[in-house]
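Number of protein chains: 2
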Amino acid sequence: MKPQEILSQGDMERIHRTSVRILENVGVEFPADSALAAFRQHDVRTAGSRVYITEDQLWDALASAPDQFTLHARNADRSVTIGGDGPVFAPGYGAPFLIDADGEKQVPTVEDYHDLVRLAHQLPNQDVSGHLLVEPGDVAAETAHLHMLYPHMIHSDKPFLGSVDSELGVRHTMEMIHILFGDALGDRAVTMGVISSLTPLSYSPPMVNAIMRYAQEHQVLLMANLAMAGSTAPITLAGLLAMQNTEMLAGIVLSQLVSPGTPVIYGTTSTNIDMRSGALAIGSPELAQVVAAHQQLVRFYGLPSRGSGALTDANYPNAQAGLESMMGMLTVINSGADFVLHAAGILSSYLAFSYEKFVLDDEICGRVRRFHRPLVVDDETLAYDAIARVGPGGNFLMEDATLERCRTEFWEPPVSDRTALDGWQQAGRPDVVTRATKRWQRLVAAHEDPPLDGIIARQLKTFVEEETR
Amino acid sequence: MKPQEILSQGDMERIHRTSVRILENVGVEFPADSALAAFRQHDVRTAGSRVYITEDQLWDALASAPDQFTLHARNADRSVTIGGDGPVFAPGYGAPFLIDADGEKQVPTVEDYHDLVRLAHQLPNQDVSGHLLVEPGDVAAETAHLHMLYPHMIHSDKPFLGSVDSELGVRHTMEMIHILFGDALGDRAVTMGVISSLTPLSYSPPMVNAIMRYAQEHQVLLMANLAMAGSTAPITLAGLLAMQNTEMLAGIVLSQLVSPGTPVIYGTTSTNIDMRSGALAIGSPELAQVVAAHQQLVRFYGLPSRGSGALTDANYPNAQAGLESMMGMLTVINSGADFVLHAAGILSSYLAFSYEKFVLDDEICGRVRRFHRPLVVDDETLAYDAIARVGPGGNFLMEDATLERCRTEFWEPPVSDRTALDGWQQAGRPDVVTRATKRWQRLVAAHEDPPLDGIIARQLKTFVEEETR
Numbered sequence: 004m005k006p007q008e009i010l011s012q013g014d015m016e017r018i019h020r021t022s023v024r025i026l027e028n029v030g031v032e033f034p035a036d037s038a039l040a041a042f043r044q045h046d047v048r049t050a051g052s053r054v055y056i057t058e059d060q061l062w063d064a065l066a067s068a069p070d071q072f073t074l075h076a077r078n079a080d081r082s083v084t085i086g087g088d089g090p091v092f093a094p095g096y097g098a099p100f101l102i103d104a105d106g107e108k109q110v111p112t113v114e115d116y117h118d119l120v121r122l123a124h125q126l127p128n129q130d131v132s133g134h135l136l137v138e139p140g141d142v143a144a145e146t147a148h149l150h151m152l153y154p155h156m157i158h159s160d161k162p163f164l165g166s167v168d169s170e171l172g173v174r175h176t177m178e179m180i181h182i183l184f185g186d187a188l189g190d191r192a193v194t195m196g197v198i199s200s201l202t203p204l205s206y207s208p209p210m211v212n213a214i215m216r217y218a219q220e221h222q223v224l225l226m227a228n229l230a231m232a233g234s235t236a237p238i239t240l241a242g243l244l245a246m247q248n249t250e251m252l253a254g255i256v257l258s259q260l261v262s263p264g265t266p267v268i269y270g271t272t273s274t275n276i277d278m279r280s281g282a283l284a285i286g287s288p289e290l291a292q293v294v295a296a297h298q299q300l301v302r303f304y305g306l307p308s309r310g311s312g313a314l315t316d317a318n319y320p321n322a323q324a325g326l327e328s329m330m331g332m333l334t335v336i337n338s339g340a341d342f343v344l345h346a347a348g349i350l351s352s353y354l355a356f357s358y359e360k361f362v363l364d365d366e367i368c369g370r371v372r373r374f375h376r377p378l379v380v381d382d383e384t385l386a387y388d389a390i391a392r393v394g395p396g397g398n399f400l401m402e403d404a405t406l407e408r409c410r411t412e413f414w415e416p417p418v419s420d421r422t423a424l425d426g427w428q429q430a431g432r433p434d435v436v437t438r439a440t441k442r443w444q445r446l447v448a449a450h451e452d453p454p455l456d457g458i459i460a461r462q463l464k465t466f467v468e469e470e471t472r
Numbered sequence: 004m005k006p007q008e009i010l011s012q013g014d015m016e017r018i019h020r021t022s023v024r025i026l027e028n029v030g031v032e033f034p035a036d037s038a039l040a041a042f043r044q045h046d047v048r049t050a051g052s053r054v055y056i057t058e059d060q061l062w063d064a065l066a067s068a069p070d071q072f073t074l075h076a077r078n079a080d081r082s083v084t085i086g087g088d089g090p091v092f093a094p095g096y097g098a099p100f101l102i103d104a105d106g107e108k109q110v111p112t113v114e115d116y117h118d119l120v121r122l123a124h125q126l127p128n129q130d131v132s133g134h135l136l137v138e139p140g141d142v143a144a145e146t147a148h149l150h151m152l153y154p155h156m157i158h159s160d161k162p163f164l165g166s167v168d169s170e171l172g173v174r175h176t177m178e179m180i181h182i183l184f185g186d187a188l189g190d191r192a193v194t195m196g197v198i199s200s201l202t203p204l205s206y207s208p209p210m211v212n213a214i215m216r217y218a219q220e221h222q223v224l225l226m227a228n229l230a231m232a233g234s235t236a237p238i239t240l241a242g243l244l245a246m247q248n249t250e251m252l253a254g255i256v257l258s259q260l261v262s263p264g265t266p267v268i269y270g271t272t273s274t275n276i277d278m279r280s281g282a283l284a285i286g287s288p289e290l291a292q293v294v295a296a297h298q299q300l301v302r303f304y305g306l307p308s309r310g311s312g313a314l315t316d317a318n319y320p321n322a323q324a325g326l327e328s329m330m331g332m333l334t335v336i337n338s339g340a341d342f343v344l345h346a347a348g349i350l351s352s353y354l355a356f357s358y359e360k361f362v363l364d365d366e367i368c369g370r371v372r373r374f375h376r377p378l379v380v381d382d383e384t385l386a387y388d389a390i391a392r393v394g395p396g397g398n399f400l401m402e403d404a405t406l407e408r409c410r411t412e413f414w415e416p417p418v419s420d421r422t423a424l425d426g427w428q429q430a431g432r433p434d435v436v437t438r439a440t441k442r443w444q445r446l447v448a449a450h451e452d453p454p455l456d457g458i459i460a461r462q463l464k465t466f467v468e469e470e471t472r
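If you're matching them up, the sequences are chains A and B in order. Just so we're aligned, residue 4 is where the first sequence starts under this note's numbering, counting upward by one. Just so we're aligned, residue 4 is where the second sequence starts under this note's numbering, counting upward by one.
Since the hints were derived computationally from the structure, they do not count as laboratory data.
Which copy is meant is left open, because identical chains are indistinguishable; a pair holds if it fits in one copy or across any two.
Below, in silico cross-link-like pairs of lysine to any residue (SDA-like), each with a Cα-Cα straight-line distance of 25 Å or less:
no. : residue 1 : residue 2
1   : K108      : A430
2   : K464      : H181
3   : K5        : G86
4   : K108      : W427
Quantities reported herein were computed from a predicted structural model and do not represent experimental measurements.
Using the sequences and the accompanying hints, generate a full structural model.
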């Protein structure tokens, strides 16, 4: 299916030209001497911590970024190609709270974190187990990343994301992937840093450090931002697109100057604010427009693209959460995204994660994947002979093709309820959230750690114990 | 935005050729002498009640069907163009039950029907007030259509649909539009019959009668079916598409033979069955595929198209209802549908209607409309000057453009809740369904009948009283 397009070629060129004008004349802030030195070394003009990139320098840097790459898992069967055949899904990222099945706000624990990683491993449509699924509140913030990196390496053999929030987090990530992969690591990309610019037109010192370190280590950079139209960005979405494009392109340029060929995913989760409250609105149709427009821009630059996701402003997995999350997710996939962060679990405008929403959104991922599976039109599927044989008033239930395909032809919902109305009344009208609770509890209970060399497992455990002491 | 396409040109031609082969060799049943006579009069071969249409006869008939037309309302400002700029929305159609805010199944009353019409009139995204919103259970079935036609004419000045289920229903519809519009009726299309074929490859006698009567009266025909892959249709969606295309085209041919130029909308709501229960699955990704493929086929034939809608198999307006309804609705609109039946209110695989879902789905209609509003990219919206002025680290809240546009730039949800997590906790965690209840009650309470000539109002009332006696 061809990606949905909401911008004309002229629109994209106008946005690009505006971004170049901003890059050349307004500049972007990189408050870190090492980054400024890297820019100057490649003849990029700097003034203070402001960097001014020309259009030629931009295109030169973009040329070295791959349009497709592999994110390797320790189980090769679970490695994923990004920029390839279809979208790669990763769970929600960064929520400080949990919302339980009763709607109560909870502070997540390290134990929760382990269960959420088990669930990420078990869910069929999460291709990457993630990172920072929630922020555990029962450990010291400085080393919380160790309590997160460790379960991803132990409970799952899917690819995982790394820590970017501090120099220590980045260093520990790199040390732990060296332990986990050993000599097999080489130059392979096995983890990914989610970089957020500081909109408008800046990067924080830790993010500049993360860009440079991930690039030096040949690991993936997901360059993203969250601009808010009407607050940190112009109120008009075209202006938001031009400005965020500028700041993310500047970050991508840095990654390629530091280490040409660094795999980069180019994304955004920008949206509007609710003008009555000033709060972020991530379930809005404006987010869907930004997502769709941005995917087109990323193709214009020839990079793998990222969109988000199953997003909602609702505080509970209710009708609003369902409809907003589907609008976001279907639009991301229709628009041709290669990688989806926040593919499952997010509630409350990123403030909360929910076990129940995690499994419901994984179902959404399955639905959109099924929708994008080609509809095969050939002599067999057109079934002329069966139609002629059955004829007016007949029935296809007992046709050979029906019997042959009846277990495989149709998608089946793992959570959603197709119980008929009367049966549902008699069963006491269970909500779909109850079904979601049962599913995640069953999946967590059935989880087994995938095999891992005992020495590596002990080394990882010791490393975490020593570094958190 | 260009319509989303899931079939190649070759796929469409293969489906078309298969349909022609079925039309010419298998035929379609029209069990009514008047229809068979009309076919024979135009040299269409018949055998018994079976009709065999050639490809030439098909294209000749399609040539007289308009690609765009106006459905007139008694208030000219509310007339709608179908096949024009954007999709026209009409509420759910045909549900025998209501589900209340507690999830209890209720038998709808005529009083409910009046309130639902008031609500259809009030909701901003329902362009047509509908018909058969529910089946009132407290009146005789034979004349129930009168208890439905009347409130649509009295409580709303939006266009409405007519009755097709019996000869009496069709006759009463025609008599009542003559009363309502008087001499102004002329040849104008003011109502629409929803025709369902009897899949596979048949029509019931009442539907054949309705096709002929609506065509003779220059009223609109919505030609539709509900084929079930694996039951009344081949299990493969390509076969379903080819077969349903055949039977609906045959119905369209009849309408044009009876009265060339009859406005026709060509639609379907076909889907798969759940193979475990044999029940219809209208919230499935397969439905979305059929919807998207069918819109393409309709453009191939050059007719206005219909899709459905905010559909779900859930029995309550919960997360499942939200995500399924959004998937159906967004796909219909992305695929370029001109008319959407079941745009709001449906639960339980068509078995039930819900006041709460009615307002939630109307919000979905608003969201998809906002998503399809063009994203304007020009010097003003690109906002270079503001971006240069604000610069890195600044803020756009107090920019002139923000202040000028802050009340109009963004879409605001009429039902969905953007209360922040803590505020929602403190408010006792209200569900979005509670907000939906408040909204529909407020809208119904605020409803006033639009002005209608007193004599016409009395004539309609007298007509209904006499005919239901």
